[in-house]
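Novice: These protein sequences, in sequence, are chains A and B. For what it's worth, this note's numbering labels the leading residue of the first sequence as 87, then goes sequentially. For what it's worth, this note's numbering labels the leading residue of the second sequence as 30, then goes sequentially.
Among the hints, erroneous ones may be present.
[Claimed, not checked] Straight-line distance between alpha carbons at most 25 Å, and here's what the computed SDA-like set of lysine to any residue pairs gives:
| # | chain 1 | residue 1 | chain 2 | residue 2 |
| --- | --- | --- | --- | --- |
| 1 | A | Lys237 | B | Pro191 |
| 2 | A | Lys389 | A | Gly104 |
| 3 | A | Lys237 | A | Leu256 |
| 4 | A | Lys389 | A | Ala100 |
| 5 | A | Lys389 | A | Ala314 |
| 6 | A | Lys237 | A | Val388 |
| 7 | A | Lys237 | A | Arg219 |
| 8 | A | Lys237 | B | Thr117 |
| 9 | A | Lys237 | A | Ser263 |
| 10 | A | Lys237 | A | Asp205 |
| 11 | A | Lys237 | B | Glu170 |
| 12 | A | Lys389 | A | Gly142 |
| 13 | A | Lys237 | B | Trp107 |
| 14 | A | Lys389 | A | Leu103 |
| 15 | A | Lys389 | A | Arg94 |
| 16 | A | Lys237 | B | His230 |
| 17 | A | Lys389 | A | Val92 |
| 18 | A | Lys237 | A | Asp252 |
| 19 | A | Lys237 | A | Ile284 |
| 20 | A | Lys389 | A | Arg105 |
| 21 | A | Lys237 | B | Gln79 |
| 22 | A | Lys237 | B | Val74 |
| 23 | A | Lys237 | B | Ala80 |
| 24 | A | Lys389 | A | Pro112 |
Read the hints as simulated data drawn from the structure, not as lab findings.
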Amino acid sequence: MGYPSVERRRVLAAAALGRESGVPGPDPGDGEPLRAVVGEVLDVSPHLITIETPAGAEERLVIAPWATAWHGAEVAPAGLPIGALVLMRALRDGRVIERIWADTTRITGTILSIQGRRDLTVELDCGPHRGHRTVVVPYRSSGRLQVRHPKFEPGYLFDAIGVRRDGASLALLPATSQPPYPARSVPPPSPVYKQARIAGTATWSDTFDEEERGAAYPMLERADTGCAQAGVSCAGLPYLSVGSLLQVRNVCSNRSANVPVVACGCVAGRFCDRCVECDTSPRGRIAELSPSSYVELGGELVKGCFNAQIGLG
Amino acid sequence: MRLVLDSQLPLLIAMLVLGTVAKVVTVGSGREPGALARLGPAVLVPERIQAPALLVCAAGELALAAGLLLTTHPLFRWGTVAFFALSTYVLLELRRRRPDAGCGCFGEVSSAPVGLRSIGRTVALTGMAAVSVWAPVPGWEAAVAPSWLLVVGVAVLAALSPEIEELIDRVRYRAPCEQRRGPAESVVLSRLRASGTWRAHQGELASAEPHDSWRELCWRFFAFRNHDDDDVVFAVYLTGRRPAVRMAVVSAEGSAPLPEYTAVSA
Chain A
87 MGYPSVERRR VLAAAALGRE SGVPGPDPGD GEPLRAVVGE VLDVSPHLIT IETPAGAEER
147 LVIAPWATAW HGAEVAPAGL PIGALVLMRA LRDGRVIERI WADTTRITGT ILSIQGRRDL
207 TVELDCGPHR GHRTVVVPYR SSGRLQVRHP KFEPGYLFDA IGVRRDGASL ALLPATSQPP
267 YPARSVPPPS PVYKQARIAG TATWSDTFDE EERGAAYPML ERADTGCAQA GVSCAGLPYL
327 SVGSLLQVRN VCSNRSANVP VVACGCVAGR FCDRCVECDT SPRGRIAELS PSSYVELGGE
387 LVKGCFNAQI GLG
Chain B
30 MRLVLDSQLP LLIAMLVLGT VAKVVTVGSG REPGALARLG PAVLVPERIQ APALLVCAAG
90 ELALAAGLLL TTHPLFRWGT VAFFALSTYV LLELRRRRPD AGCGCFGEVS SAPVGLRSIG
150 RTVALTGMAA VSVWAPVPGW EAAVAPSWLL VVGVAVLAAL SPEIEELIDR VRYRAPCEQR
210 RGPAESVVLS RLRASGTWRA HQGELASAEP HDSWRELCWR FFAFRNHDDD DVVFAVYLTG
270 RRPAVRMAVV SAEGSAPLPE YTAVSA
């Protein structure tokens with residue numbers, strides 16, 4: 087049946103149930119909105135950065151004096167290479183840049199094979215929608231990654247943050263403490279009833295389109311999505327569909343936004359982990375956000391998650 | 030005396046068949062994440078032969094049940110004694126080596142860690158099997174003329190079965206509707222077609238098949254087109270045989286919702 091227009095589903099559902107159809111975007115009551123800006127660096131100086139946006143336009147943006155950048159390690163913004171793909175957190179309607187992430191990638195999946203002695207080459211199964219992916223774990227990062235991935239062997243989950251360099255993905259930082267069970271043995275949700283708001287951890291993934299605002303959500307009906315691995319989560323999530331509007335609240339930064347469900351988050355559903363960005367979240371990934379949505383909610387890409395609550399938008 | 034000897038045969042057969050069915054069902058749904066954690070003693074064998082091990086066990090149980098039912102051959106009688114005695118040993122071993130694993134005796138219902146009751150139950154079954162060895166008639170004859178001792182046997186086993194509490198718990202603490210897997214789309218569609226709302230609006234639809242269907246929380250939505258090319262959307266509640274049905278017509282132009290809105294319950 088496909089999705090003729092998943093945007094339309096929201097309008098139709100709201101009409102049938104006689105409720106207000108929510109509007110995607112940040113909650114206006116959150117103070118100054120953050121804006122995520124994506125582009126390729128054309129020129130950079132300590133105070134100005136020129137980028138080419140995915141639409142092909144050239145933009146000159148001011149770099150705030152306190153701004154920092156990440157490109158495999160913390161660097162000065164002026165030290166970013168020309169041609170790097172950057173995602174930036176901007177204030178003042180997207181004109182003033184305060185944080186830059188360059189060539190940042192996130193590698194999430196199930197380990198299929200590990201090869202190599204010093205630099206490790208890891209093949210991952212990133213789920214039915216995202217296919218297989220091969221990443222390199224450089225020798226200097228392997229200790230740090232393996233400490234957080236005690237079961238560094240096929241069949242177990244892997245989640246790391248790194249950079250894209252020369253067409254290859256380098257895993258540099260662990261994005262989570264690896265869950266101790268094999269990827270297919272997700273524990274069932276504990277029976278908690280009458281929970282007012284569903285809480286857990288929200289992560290990001292780079293498998294969305296550039297500038298896309300949206301989320302992958304684990305709890306979808308298998309028949310509706312054609313994904314045989316959907317509908318698994320240890321967080322006790324309600325069933326939604328592609329096209330539903332999810333209200334995501336970042337508990338750490340106190341920002342919330344309405345984010346449409348645009349994809350099946352079957353890989354995220356396999357992680358029964360916690361986020362310790364601020365305090366300790368309940369177990370389970372409740373949404374996997376696109377980088378732009380994640381940044382606009384005040385998330386830090388390098389940390390990999392924030393404590394989140396969700397409701398229906 | 031004969032009554033005593035053959036009184037427990039029907040119970041043994043029923044237990045063996047139940048065990049077979051539950052194990053096959055567990056393996057059948059077994060590629061599901063998490064299910065293998067409930068395999069019981071199979072966790073003691075390497076991972077790739079866990080499901081086959083469970084199936085071999087189920088086949089053995091079925092063979093014993095069939096033998097007990099139809100014949101008086103001592104092979105099946107002593108086989109049953111050996112099976113339950115071995116189960117007792119395996120459960121003791123499981124309790125020692127994997128205190129977190131369930132006994133798996135009845136598949137995924139037996140996910141609670143092995144306790145003294147589960148072990149007591151296999152001991153009781155071993156005893157019943159031993160008594161039945163000298164029963165003069167095959168199982169089906171004993172089942173046709175049950176004695177009151179069978180009721181005692183059932184009561185003993187029920188008292189020793191943690192699964193019964195688990196089943197009651199599952200019935201009492203059902204997950205809320207929006208967290209449960211819903212009925213198949215075709216089932217909900219046929220419930221919609223049985224509703225009064227459908228009959229009232231059926232004539233407006235350009236096609237009897239929905240062009241889109243999706244589930245959100247406890248509702249399933251079906252979107253149709255009417256003759257004016259507007260969207261007609263039905264929302265069907267997912268629980269109950271005659272569920273609530275609501276519908277609305279949304280014009281195709283623009284995304285401004287609710288140009289016309291009716292709500293009807295079936």
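Novice: Taking the hints in turn, state whether each one holds.
Specialist: To see whether the hints hold, each was checked on the structure:
Restraint check for A:Lys237 and B:Pro191: not satisfied, since their Cα atoms lie roughly 34 Å apart, outside the 25 Å limit. Under the criterion of a C-alpha separation no larger than 25 Å, the hint pairing A:Lys389 with A:Gly104 is inconsistent with the structure, at around 40 Å. Among the hinted pairs, A:Lys237 with A:Leu256 is consistent with the structure: their alpha-carbon atoms are about 20 Å apart, no more than 25 Å. Annotation: proposed proximity of A:Lys389 to A:Ala100 is violated, straight-line Cα distance about 36 Å (limit 25 Å).
For the given pair, A:Lys389 sits about 30 Å from A:Ala314 by alpha-carbon distance, which is inconsistent with the 25 Å threshold. Annotation: proposed proximity of A:Lys237 to A:Val388 holds, straight-line Cα distance about 22 Å (limit 25 Å). Among the hinted pairs, A:Lys237 with A:Arg219 is consistent with the structure: their alpha-carbon atoms are about 19 Å apart, no more than 25 Å. Between the alpha carbons of A:Lys237 and B:Thr117 the distance comes to roughly 33 Å, so the proposed pair goes past 25 Å and is violated.
Between the alpha carbons of A:Lys237 and A:Ser263 the distance comes to roughly 11 Å, so the proposed pair stays at or under 25 Å and holds. Between A:Lys237 and A:Asp205 the alpha-carbon distance is near 18 Å, which keeps this suggested pair within the 25 Å criterion. Between A:Lys237 and B:Glu170, the direct Cα distance comes to roughly 56 Å. Violation of the 25 Å bound is thereby established for this hinted pair. Between A:Lys389 and A:Gly142 the alpha-carbon distance is near 30 Å, which puts this suggested pair outside the 25 Å criterion.
For a cut-off of 25 Å, the pair hint linking A:Lys237 to B:Trp107 is broken: about 45 Å separates their Cα positions. Restraint check: the Cα-Cα separation between A:Lys389 and A:Leu103 comes to about 39 Å, which exceeds 25 Å; the hinted pair is violated. Restraint check for A:Lys389 and A:Arg94: the C-alpha separation of about 35 Å exceeds 25 Å, so the hint is violated. For the proposed pair A:Lys237 and B:His230, the alpha carbon gap of about 58 Å is over 25 Å, so the pair is violated.
Restraint check for A:Lys389 and A:Val92: not satisfied, since their Cα atoms lie roughly 31 Å apart, outside the 25 Å limit. Our distance criterion of 25 Å between C-alpha atoms is broken by A:Lys237 and A:Asp252, whose separation comes to about 29 Å. Our distance criterion of 25 Å between C-alpha atoms is broken by A:Lys237 and A:Ile284, whose separation comes to about 29 Å. As the CA atoms of A:Lys389 and A:Arg105 are separated by approximately 37 Å, the hinted pair breaks the 25 Å bound.
Only pairs whose Cα atoms come within 25 Å are accepted, and A:Lys237 paired with B:Gln79 is accepted, the gap being roughly 21 Å. Taking the CA atoms of A:Lys237 and B:Val74, the gap is near 20 Å; set against the 25 Å cutoff, the hint holds. Proposed proximity of A:Lys237 and B:Ala80 is supported: the alpha carbons are some 23 Å apart, at most 25 Å. A distance of roughly 21 Å separates the Cα atoms of A:Lys389 and A:Pro112; the hinted pair therefore holds under the 25 Å criterion.
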